[in-house]
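Novice: The task is simple: from the sequences and hints, build the whole structure.
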Amino acid sequence: MNVLHMRLKTPDDLDKLRDDIRQKQEKDKSFLAVCGGTGCSSSGSEKVREVFQQYLNRHNLKKKTTLKFTGCLGLCERGPVVIIFPQGIFYQKVQESDVEEIIEKTFLKGEIIERLLYQDPVNGEKFIYADDIPFLKKQKRILLGNNWLMEPTSIEDYISLGGYQSVVKALTKMTPPEVIAEIKKARLRGRGGAGFPSGIKWQECYDAVSKQKYFICNADEGDPGAFMDRSLLEGNPHSVLEGLIIGGYATGASEGIIYVRSEYPTAVKNVKTAIAQAENLGLLGENILGTGFHFKISVSTGAGAFVSGETTALVAAVEGRLGEPRQKPPHLVERGLWGKPTVINNVETLANVPYIISYGAENFLRLGTEKSGGTKIFSLVGKVNNTGLVEVPLGMTLREIIFDIGGGIKNGKKFKAVQTGGPSGGCLPVSLLDSPTDFEKLNSAGSMMGSGGMIVMDEETCMVDIARYFLRFLEDESCGRCFSCREGISRMLEIVEDITRGKGSVEQLELLKELANVVKDSSLCGLGQTAANPVLATIRYFEDEYFAHILEKRCPAGVCRDLIRFSINEELCQGCDLCLKKCPGEAIRGEKRQPHTILGDKCTKCGICLETCKYNAVVKI
Amino acid sequence: MINLTLNGMEIKVEKRTTLLEAAKFYGIEIPALCYDEALSPYGACRLCLVEIGTGNHSRLVSSCTYPARDGLIVRTHTERVIKARKLLLELYLATCPSSRTIQDMASKHGVTTVRFKQKNEECILCGLCVRMCAEQMQGKAIGFVNRGIKRRITAPFAKKSEECRLCGGCMYICPACQARCQGPQEENPVCNACLNLSPPCLDYFQEAMCYMDPCVACELGTGRKAKFTY
Ligand SMILES: Cc1cc2nc3c(=O)[nH]c(=O)nc-3n(C[C@H](O)[C@H](O)[C@H](O)COP(=O)(O)O)c2cc1C
Ligand code: SF4
Ligand code: SF4
Ligand code: SF4
Ligand code: FES
Numbered sequence: 001m002n003v004l005h006m007r008l009k010t011p012d013d014l015d016k017l018r019d020d021i022r023q024k025q026e027k028d029k030s031f032l033a034v035c036g037g038t039g040c041s042s043s044g045s046e047k048v049r050e051v052f053q054q055y056l057n058r059h060n061l062k063k064k065t066t067l068k069f070t071g072c073l074g075l076c077e078r079g080p081v082v083i084i085f086p087q088g089i090f091y092q093k094v095q096e097s098d099v100e101e102i103i104e105k106t107f108l109k110g111e112i113i114e115r116l117l118y119q120d121p122v123n124g125e126k127f128i129y130a131d132d133i134p135f136l137k138k139q140k141r142i143l144l145g146n147n148w149l150m151e152p153t154s155i156e157d158y159i160s161l162g163g164y165q166s167v168v169k170a171l172t173k174m175t176p177p178e179v180i181a182e183i184k185k186a187r188l189r190g191r192g193g194a195g196f197p198s199g200i201k202w203q204e205c206y207d208a209v210s211k212q213k214y215f216i217c218n219a220d221e222g223d224p225g226a227f228m229d230r231s232l233l234e235g236n237p238h239s240v241l242e243g244l245i246i247g248g249y250a251t252g253a254s255e256g257i258i259y260v261r262s263e264y265p266t267a268v269k270n271v272k273t274a275i276a277q278a279e280n281l282g283l284l285g286e287n288i289l290g291t292g293f294h295f296k297i298s299v300s301t302g303a304g305a306f307v308s309g310e311t312t313a314l315v316a317a318v319e320g321r322l323g324e325p326r327q328k329p330p331h332l333v334e335r336g337l338w339g340k341p342t343v344i345n346n347v348e349t350l351a352n353v354p355y356i357i358s359y360g361a362e363n364f365l366r367l368g369t370e371k372s373g374g375t376k377i378f379s380l381v382g383k384v385n386n387t388g389l390v391e392v393p394l395g396m397t398l399r400e401i402i403f404d405i406g407g408g409i410k411n412g413k414k415f416k417a418v419q420t421g422g423p424s425g426g427c428l429p430v431s432l433l434d435s436p437t438d439f440e441k442l443n444s445a446g447s448m449m450g451s452g453g454m455i456v457m458d459e460e461t462c463m464v465d466i467a468r469y470f471l472r473f474l475e476d477e478s479c480g481r482c483f484s485c486r487e488g489i490s491r492m493l494e495i496v497e498d499i500t501r502g503k504g505s506v507e508q509l510e511l512l513k514e515l516a517n518v519v520k521d522s523s524l525c526g527l528g529q530t531a532a533n534p535v536l537a538t539i540r541y542f543e544d545e546y547f548a549h550i551l552e553k554r555c556p557a558g559v560c561r562d563l564i565r566f567s568i569n570e571e572l573c574q575g576c577d578l579c580l581k582k583c584p585g586e587a588i589r590g591e592k593r594q595p596h597t598i599l600g601d602k603c604t605k606c607g608i609c610l611e612t613c614k615y616n617a618v619v620k621i
Numbered sequence: 001m002i003n004l005t006l007n008g009m010e011i012k013v014e015k016r017t018t019l020l021e022a023a024k025f026y027g028i029e030i031p032a033l034c035y036d037e038a039l040s041p042y043g044a045c046r047l048c049l050v051e052i053g054t055g056n057h058s059r060l061v062s063s064c065t066y067p068a069r070d071g072l073i074v075r076t077h078t079e080r081v082i083k084a085r086k087l088l089l090e091l092y093l094a095t096c097p098s099s100r101t102i103q104d105m106a107s108k109h110g111v112t113t114v115r116f117k118q119k120n121e122e123c124i125l126c127g128l129c130v131r132m133c134a135e136q137m138q139g140k141a142i143g144f145v146n147r148g149i150k151r152r153i154t155a156p157f158a159k160k161s162e163e164c165r166l167c168g169g170c171m172y173i174c175p176a177c178q179a180r181c182q183g184p185q186e187e188n189p190v191c192n193a194c195l196n197l198s199p200p201c202l203d204y205f206q207e208a209m210c211y212m213d214p215c216v217a218c219e220l221g222t223g224r225k226a227k228f229t230y
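Taken in sequence, the protein lines are chains C and P.
The numbers in our numbering rise by one with no breaks, and the one at position 395 of the first sequence is 395.
The numbers in our numbering rise by one with no breaks, and the one at position 17 of the second sequence is 17.
In short, the hints are calculated from the structure, not lab data.
Careful, some of the hints might be misleading.
Derived DMTMM-like pairs (lysine to aspartate or glutamate); straight-line CA-CA distance at most 20 Å [unchecked claim]:
{"id": "1", "chain 1": "C", "residue 1": "K109", "chain 2": "C", "residue 2": "D120"}
{"id": "2", "chain 1": "P", "residue 1": "K150", "chain 2": "C", "residue 2": "E319"}
{"id": "3", "chain 1": "P", "residue 1": "K119", "chain 2": "C", "residue 2": "D498"}
{"id": "4", "chain 1": "P", "residue 1": "K117", "chain 2": "C", "residue 2": "D498"}
{"id": "5", "chain 1": "P", "residue 1": "K86", "chain 2": "C", "residue 2": "E507"}
{"id": "6", "chain 1": "C", "residue 1": "K328", "chain 2": "P", "residue 2": "E21"}
Simulated restraints, written as ranges between beta carbons of each label pair [unchecked claim]:
{"id": "7", "chain 1": "C", "residue 1": "Q212", "chain 2": "P", "residue 2": "V145", "range": "28 to 36 Å"}
{"id": "8", "chain 1": "P", "residue 1": "T112", "chain 2": "C", "residue 2": "S42", "range": "50 to 58 Å"}
{"id": "9", "chain 1": "C", "residue 1": "G88", "chain 2": "P", "residue 2": "G143", "range": "56 to 64 Å"}
{"id": "10", "chain 1": "P", "residue 1": "N120", "chain 2": "C", "residue 2": "S444", "range": "55 to 63 Å"}
{"id": "11", "chain 1": "C", "residue 1": "K503", "chain 2": "P", "residue 2": "E122", "range": "25 to 33 Å"}
{"id": "12", "chain 1": "P", "residue 1": "G143", "chain 2": "C", "residue 2": "Y469", "range": "29 to 37 Å"}
{"id": "13", "chain 1": "P", "residue 1": "K150", "chain 2": "C", "residue 2": "R561", "range": "19 to 27 Å"}
{"id": "14", "chain 1": "P", "residue 1": "M9", "chain 2": "C", "residue 2": "L551", "range": "27 to 35 Å"}
{"id": "15", "chain 1": "C", "residue 1": "Y359", "chain 2": "P", "residue 2": "Q136", "range": "58 to 66 Å"}
{"id": "16", "chain 1": "C", "residue 1": "K47", "chain 2": "P", "residue 2": "E163", "range": "51 to 59 Å"}
{"id": "17", "chain 1": "C", "residue 1": "S431", "chain 2": "P", "residue 2": "I82", "range": "31 to 39 Å"}
{"id": "18", "chain 1": "C", "residue 1": "N569", "chain 2": "P", "residue 2": "T112", "range": "49 to 57 Å"}
{"id": "19", "chain 1": "P", "residue 1": "I82", "chain 2": "C", "residue 2": "Y469", "range": "30 to 38 Å"}
All values derive from a computational prediction rather than experimental measurement.
We put the beta carbon where it would ideally sit given N, CA and C, even for glycine.
Specialist: Set out below in structure tokens:
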């Protein structure tokens, strides 16, 4: 059966197709899921899949099982990941050479291969089943969950998992105002940054009088290190299409546009495939499933820039103009794409819509906090043991995310801060670890939810240096139109850099605060208005670190090069010459078997001697 | 007509009026560097800030780009506005001190110290020249390139543009090209800068970009004595 060549004319046709697919798939309940997500692909999962395929072909096992090259499974740190279904046996760091053993032992005989099991980084406990791994167990994967079970480019897989049922429900059993009421009741808030209630946004567009309206899906994802939207589009593109169709129906838009950064070629490819599949089946386009609703979706790509994710800049980019923000009002529902009423939602926001329609607002609300329902996907990175994508109910505490799911800080170091909300978010200290991750709490703490970036920092991170890092990013990413944003960021950076070099003064710190508040207050778009957050939040929670740099000319974390010095402890030094040979600056002197010394003026502070010395004789002060 | 409150006055303005236009009409002065009546508003200099709304929900917006809306409460001279404006002017002085327009504005608003490091930019990227060229001279000879801190004004392909008719409109409107008044205490009373100038554009281009005589660069003090004369 090639589904691509049939056209579904009624909802019943879809039900029938689903039954057919399920019947056909019943026999291969057992399948092998090889993660094809971003992280695993970069650690070689594509090769692993090929070897699996060859092995299955060669040994005539093709009829016994299917191989699925899935979207991101979440634990990118341990890639390539393979899960064997129906049991859900989880293998990590799988190499090509492991393939034969996995098939012969685990798949055919049900034996477990110890060495491929996931081991808890803290207590060393090993886990066999995916569902038991603490990283996954504590998550609530209503958006990412299906990634395990399907090939992103297989509409059959998606339909058999209940796909497009929410479209049927919305189009046949609900009026647009009812759909909007359900979204409002679910208290769905935008996952792209600002957290605006989606129901209200949809309502405004529904109320706008116009023959032509547009619905744009924002997949610009400019937050460095974040890949939530990418994983959704690559791993489960149909769920986003479904959200977009329902959004179009509710708001009265007849055209949807997905704006993807061209740096995401797989996402672009998978979305385009998905659109073609849905069109062929009659799930998209003219008269969807005979309901009389028309909706088409196209993909628009552009060179990803952080600022073009801002809504007005995004519209400009889709229209082919320079991706620069403009004054709001007029809002996009008044004057959006090509001057028509337009709604923009983030990828993840839209992926939530099918769940809400299928399972109802109550169930969605049960997952979140009082003020906002559902889950949030975070991209957990930095000095944490389990990095990857985590999806948790809104309101879970930072501590649970970082320690229970993330497995705590790498190498037994101490937690220092966590940056939420991307480059324009803020760093939160230990004292806020127990605060829930919801929109209000993060805002009042001086950070924000943003799109879900979460960077964990340990005791060896210098907070002044962190402020410098984000300012440098923003200095390049600002569009440069507003003087306050362009020059303001660059001058904040100037002062922060002086401080990291031990050249700052208390007056300058005051000026920095004053300037930060003006940049925030007087810039045109969200970028400038939040650009001071990294500065303000680090000053708010780590001001003593600023003072250490300014008054004592000392970097407590030992990061700022101008403020640290390397030296050799004569008692511990064995005169082994190792550091002397490795030092790129030829800054180390000493006779063999005699204590060595470092010449301060030649030392480039690269830290190689510290890493090299086996006797812990090199110290950083 | 749109009804709004401006500094406590109930006022009425036509649809599509901006807050800056409304304030001007009612005789309230708001500093503006990137605004010109004859050109479309651009919102780049951020000096025309006003505060809209009240209480915790109030915020600053650029009045040249913000449209008048029914029921809007606008205040043009709050503490927050004035503080921001003064700091921005201080930043302008630190960035482009050679502009007479900026110097005058700073004095008018009581900005007397500069706490930032001194830079000497010749352009504040207000975009007046670009809009002048495109909207009034029907040319599109100059435009912006790059973003963020690398943003600057240039001609397409960094070459003398075919579109340029040498009208000088861009220079006429440029606020950074208005040289600072040196005053009687000037260290060197004889300037002579307009004699035998090498226009600064020759630092970037193969040929002179205009035939303004004298080259306004003299007023900037950036021109140097050179072999090249018109
Ligand atoms: C500088 C800047 C960058 C942004 N980048 C993105 C982005 O990459 N993706 C995104 O979905 N939203 C981004 N946003 C937020 C959007 O402006 C907008 O709020 C969002 O797309 C609306 O969708 P939502 O309500 O579903 O979140 C950005 C905002 C700003 C100010
Ligand atoms: S605030 Fe920054 S990014 Fe936004 S429009 Fe102004 S200059 Fe551009
Ligand atoms: S590596 Fe260590 S022990 Fe060896 S010479 Fe250098 S400081 Fe001494
Ligand atoms: S050259 Fe002059 S008018 Fe043009 S942007 Fe620069 S400062 Fe403004
Ligand atoms: S005059 Fe309004 S921003 Fe310049």
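Novice: A separate judgement is required for each hint: does it hold in the structure or not?
Specialist: Right, here's what the structure says about each hint:
1. Only pairs whose Cα atoms come within 20 Å are accepted, and C/K109 paired with C/D120 is rejected, the gap being roughly 26 Å.
2. Restraint check: the Cα-Cα separation between P/K150 and C/E319 comes to about 24 Å, which exceeds 20 Å; the hinted pair is violated.
3. With a C-alpha separation of about 16 Å, the suggested pair P/K119 and C/D498 falls inside the 20 Å cut-off, and the hint holds.
4. Restraint check for P/K117 and C/D498: the C-alpha separation of about 11 Å stays at or below 20 Å, so the hint holds.
5. At most 20 Å may separate the alpha-carbon atoms for a hinted pair to count; P/K86 and C/E507 meet this at roughly 18 Å.
6. About 17 Å separates the Cα atoms of C/K328 and P/E21, which keeps this hinted pair within 20 Å; it holds.
7. Restraint check, C/Q212 to P/V145: a C-beta distance of roughly 34 Å satisfies the suggested window 28 to 36 Å.
8. Between P/T112 and C/S42, the C-beta spacing of about 57 Å keeps the proposed range 50 to 58 Å intact.
9. Distance hint check for C/G88 and P/G143: the Cβ-Cβ separation is about 58 Å, which falls inside the suggested range of 56 to 64 Å.
10. Taking the beta carbon of each, P/N120 and C/S444 are about 42 Å apart, not inside 55 to 63 Å as hinted.
11. Between C/K503 and P/E122 the beta carbon distance is about 27 Å. The supplied range of 25 to 33 Å therefore holds.
12. Taken as a hint, the range 29 to 37 Å holds for the pair P/G143 and C/Y469, whose Cβ atoms sit roughly 32 Å apart.
13. The given range of 19 to 27 Å is respected by P/K150 and C/R561, whose C-beta atoms sit roughly 25 Å from each other.
14. About 50 Å separates the C-beta atoms of P/M9 and C/L551, a value inconsistent with the hinted range of 27 to 35 Å.
15. Taking the beta carbon of each, C/Y359 and P/Q136 are about 59 Å apart, inside 58 to 66 Å as hinted.
16. Between C/K47 and P/E163 the beta carbon distance is about 54 Å. The supplied range of 51 to 59 Å therefore holds.
17. Roughly 36 Å separates the CB atoms of C/S431 and P/I82, a value that falls within the hinted 31 to 39 Å.
18. For C/N569 and P/T112, the hinted distance range of 49 to 57 Å is satisfied, since their beta carbons lie about 54 Å from each other.
19. Under the hint 30 to 38 Å, the C-beta atoms of P/I82 and C/Y469, about 33 Å apart, fit the expected range.
Going down the numbered hints, you'll see the structure goes against 1, 2, 10 and 14, while the others check out.
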